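Please take these sequences and the hints and turn them into a complete structure.
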Amino acid sequence: MYPKEFQYHRATSFTDLFDFLEKHEESRILAGGQSLIPMMKLRIASPRFLIDIRHMSDLKLIKYEEGKLKVGSMVTHSELIESQFVNEKFPLLSQAASSIGDLQVRTLGTVGGSICHADPSADYLPALVVLRAELKIRNRKGTRIVPVMDFIKGALTTDLDHSEVLEEVLIPSYKGRSMYEKFSIRKADFSIANVAAILDTLNSKIRDVRIAVGSQEEGAVELFELEQALNDKEFSLEALEAAAKEAVGKLNPLDDIQGSPDYRRHLIVTLIVRMTDDLYHSGRKNYD
Amino acid sequence: MQEAVQIQDTGRTKYMGKPVTRLEDLKIIRGKAGYTDDIDFADQHHVAILRSPYAHAKIIHIDISKALSLPGVTYVLTGDVVASLTKPVTSRAAAVSPTSHYIMASKKARYFGEPVAAVVAVSKYIAHDALDLIDVDYEPLPTLNTVQDALKPDAPLLYDEIGTNLIQEDEFIFGDPEKAFKDAAHVVKERFSTGRYSSTPLEPYVINAKYDEVRDELLIYANDQQPGRTTQSVARIINFPVSKIRLIVPVVGGGFGNKLVIWQYVSLIGLLALLSKKPVKWVQTRSESLIAPHRPSEYLDAELAVSSDGKILGMRFEDYLADGNWPFNTALYALGKLGVMSGLYNIKDYSFKYHCVATNEPPIVQDRGVAKPFMTFVIERLVNIAAKIVRLDPAEMRFANFISPKQMPYTTPTGEYYESGNYPEVLKTALRESGYPEWKKKQEALRKQGRYIGIGVACGLEPGTSSLSYYYLSKKGTPEFNGSGQIATVEMTFDGTIRTYMNGPEIGTGHVTSIAQVLADIFGLKPEDVMVDPYYESSVGHLGYAGTYGNGFQDVYLGAYVRASDILKSKLLRIASYQLKTESSNLEIVDGGVQSILDVKKRMTFAEIAAIAYNKLLLLPPGEEPGLKVVAGYINPTSTIPYRSGTDAKLRVQLTHSNSSHVVVVEVDPKTGRTKFLSYLVVHDAGRIINPKTSESLVIGCVAAGIGQALYERFTYDENCINLCTTFAEYLKPTSLEVPDIQVQNLETPAPNTVLGTKNVGEGGAIASPAAVTNAIEDALEPFNVKITELPVSPRRLWEMISKK
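If you're matching them up, the sequences are chains A and B in order. Counted from 1, the first sequence has number 83 at position 83 by our numbering; the numbering is strictly sequential. Count along the second sequence starting at 1, add 288, and that's the number in our numbering.
Accuracy of the hints is not assured; some may be wrong.
[Stated by the list, open to error] Not the full set, but computed from the structure, chain B residues with beta-carbon under 10 Å of chain A:
(1) ALA336
(2) TYR413
(3) ASP417
(4) LYS1021
(5) LEU1025
(6) SER1082
[To be verified] Straight-line Cα separation of at most 25 Å, SDA-like style, residue types lysine to any residue; simulated pairs:
(7) A/LYS4 <-> B/VAL410
(8) B/LYS412 <-> A/GLU238
(9) B/LYS814 <-> B/GLY915
(10) A/LYS136 <-> A/TYR64
(11) A/LYS41 <-> B/ASP423
(12) B/LYS354 <-> A/GLN7
(13) B/LYS938 <-> B/MET696
(14) B/LYS412 <-> A/GLY33
(15) A/LYS175 <-> A/LEU237
(16) A/LYS4 <-> B/SER357
(17) B/LYS814 <-> B/ARG976
(18) A/LYS60 <-> A/ARG43
(19) B/LYS375 <-> B/VAL424
(20) B/LYS1075 <-> A/ILE257
(21) A/LYS187 <-> B/THR1015
(22) B/LYS959 <-> A/GLU238
(23) A/LYS245 <-> B/LYS938
It is worth saying that the hints were derived from the structure and are not from the lab. Please read all numbers here as calculations on a predicted model, not as lab measurements. Ideal Cβ placement from N, Cα and C applies to all residues, glycine included.
Written out as structure tokens, the structure is:
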């Protein structure tokens, strides 16, 4: 619980940030510190230099421009939850943010920190996948845009180069109803199974359904086959269950002491069935 | 048996029994409580401990040269040096002791995380950096992960000198169990088991030690739960006179039994202070605290003989305990079961066999309730399973077997003496207050909608005041210690203030306030005017087993304060009587003074009496000694020396017996295995209650611990016996988001054998709750025919049982 010696620098501008990263090979960007600091205390990570970007005001904005929600990477989970605009127009994102950890983590943890840490069970990942989110990455020379699916390269691995920083998350507006569900042992634990879904209906038929599952070896995975099986059809519980089972059978859920792959697959199917049922019927069916 | 003590409560109830707000809390909330880590010596140095990455390995060589050359490092200690300077750790209950087990591993490490070296440095960061520079050459050995591993004929030995991994076993037969089983209409047969789990106090172990050359003493601050024993253990282990050890226990951030084995580390840090000639502080990290100590994992083969009308005729138990690497506490979790084996029931004929095995799991400790939560889980699960067979409601089955209030005081076949209690009334109240019949109806209605509600009932005995007399059964001769009594110091200071000292450490259980309430009533003061020093100091008079543990406070600890106060009070009255020229019997204590009941003008303040006792000595009554400090003791009169003959034994393990009934309502989602609480009620009878608020919060905290045992907590080990749960991300404690709103109601059946009629309240919630919760879950899942015999039942485990995987 005692980290190795390290130096701390608070970035004042992008130039300052890029200078620092260039100068110090063994440096890490510090965002909210909700994963990095515990890893340092356990000496799993021992960067010699930390550059703190939490105070860069450019990274703390929530904007809506050109039909896209733009969330600065240093926006905290709590700030996202508290944004009325996000809550109304991008409820899926609010829901995912509210499911993260506990109040302390949500107060300090940031959207960008969570994405760049790339924990495969992170709450944002499946939500961002179905939202077709893109990430704006900046380095000294300029910016590039990467779809979130391409950014996450695997557990704790991303497309981000040492000389780069995640600047913004870009999320296009979406139609239809959406839902994020997480199953964890305790309320504030990492998810064992988490699913994000968007679904629209036209003439009682499912349209534009998107379903992504998190907590997989590779992070989050979208279930295209399942989507195809459901689209343009009326809701049928039996068909849904069968298709979900088939799609989920091909997944590679994480395996740890809290949940075996078998149990996780079963939970994912349960979540998908319940969520799809809810999303399809919401507004037409009475729930307690 | 000796005669029961008269309950002396006349005129003493102005504050006793009232929900006085805790005097401790304001300081704690303001960060001014004064914990061990808040105290620094000048030139403070810090300790970090290197721990074995293997659960079983020979230590071939340790190279400390790189660590020693790190700037800021002043001393490095290794196991071989420890072995050459100290005595081995010995068994407390087991008949055999290894000779190769020291407070630091020497030659061989026997559990993952066992200390193998320690560093003293000028800062804790440097000390931890130095750990990375110590090179240890290990030769890994095959590990003993389970009882079965350890008992294999060709199993490697944990201790060569003992010659077996089976450290202790024994058999007891009470009455005629054979006949009981012959007469039985039904026999329930199950294997029950529990994984390793543990309390996790917010404040881990903290020790700060310094050798004071001027006073020639080893001064130690430590958050120790049993300092009376620690000073003696440290003295023996490090060969230092006990008279020269001063141990101060500041306010402790939670004990739960976890801090009963801190003496191992107090010895180590004390030794480091002597060797390094520096004041050295060690603050255990959370991961270190999760490595050890724990409760043992165990399984128990149980048989219950039942008549056709639901009467329990007899029991047979055979218990297998994986007591970990450390024989020190071996057998405690077996022997401790004797006190509550037949629970609240009229059961005459039963037998008990136990086998305690050494494994490569870490040391065990007397965690809250010790053997009682699991024993109660076994009995209360058996009763539920039997009730189903004889088609009785689980509550009815209990009423049919309860010891009735008319049988009190009741002596069990093992010799345990239940001094008082009204078990049927407690359960009746619990059923009524929880709305038991209404929930039953609701359960039926909801089941038709595919919702699975379950109602669980469990009744638990909560023994208090551990006499520790089971040591008589496992070792020859008179055991080293006995816990049947306590002493206390009460004094009046120069200015007439009543001051007292902790006779057990303040561990957050409200003892300061309870003591103040009792003394306030005795001396006619307000609780806030009684000075209770929250620090425990070894230099104030103490018994050898003094500590805050074993659920003894309300009995012998408070009893000793009452005895000392009574003696002091009599002296105050004698001095005043002489001065006021009034018979002592015509005097009373009112508002910080002594006055005549006939003439209120005849009055002396405490300050005036103190001035005579300390300063104006010639005004004392003839023959009266000067001074106003009293050290007095008290032994619970029902304690006796145990009897043992062959497989028969009679012993009083504990001396008071509270009890409680829990009614729990849960809803289980059969698709996910998730358990949700809908209602939780406890009716608790702990005799007279000194502080209802404290008592209620203890019950709630205990239930939360029991819920942890039932649903969440388990140290999981991999195939190499490595603990996979060394942070709170893996070792799951229930949080305020998981623990339901727990309702507590009290009944009061006074104890006839304690000074104040009080019984103990610190464990009951934890004893019956695992049984109550699992009974509720099993009831909810009745349509799925799930039987719970194993703790904890995680959502995954429940799902596996529901889907028969």
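Where does the structure disagree with the numbered hints, that is, which hint numbers, in rising order? Hints 8, 18 and 23 are the ones this structure does not satisfy, whereas the remaining hints hold.
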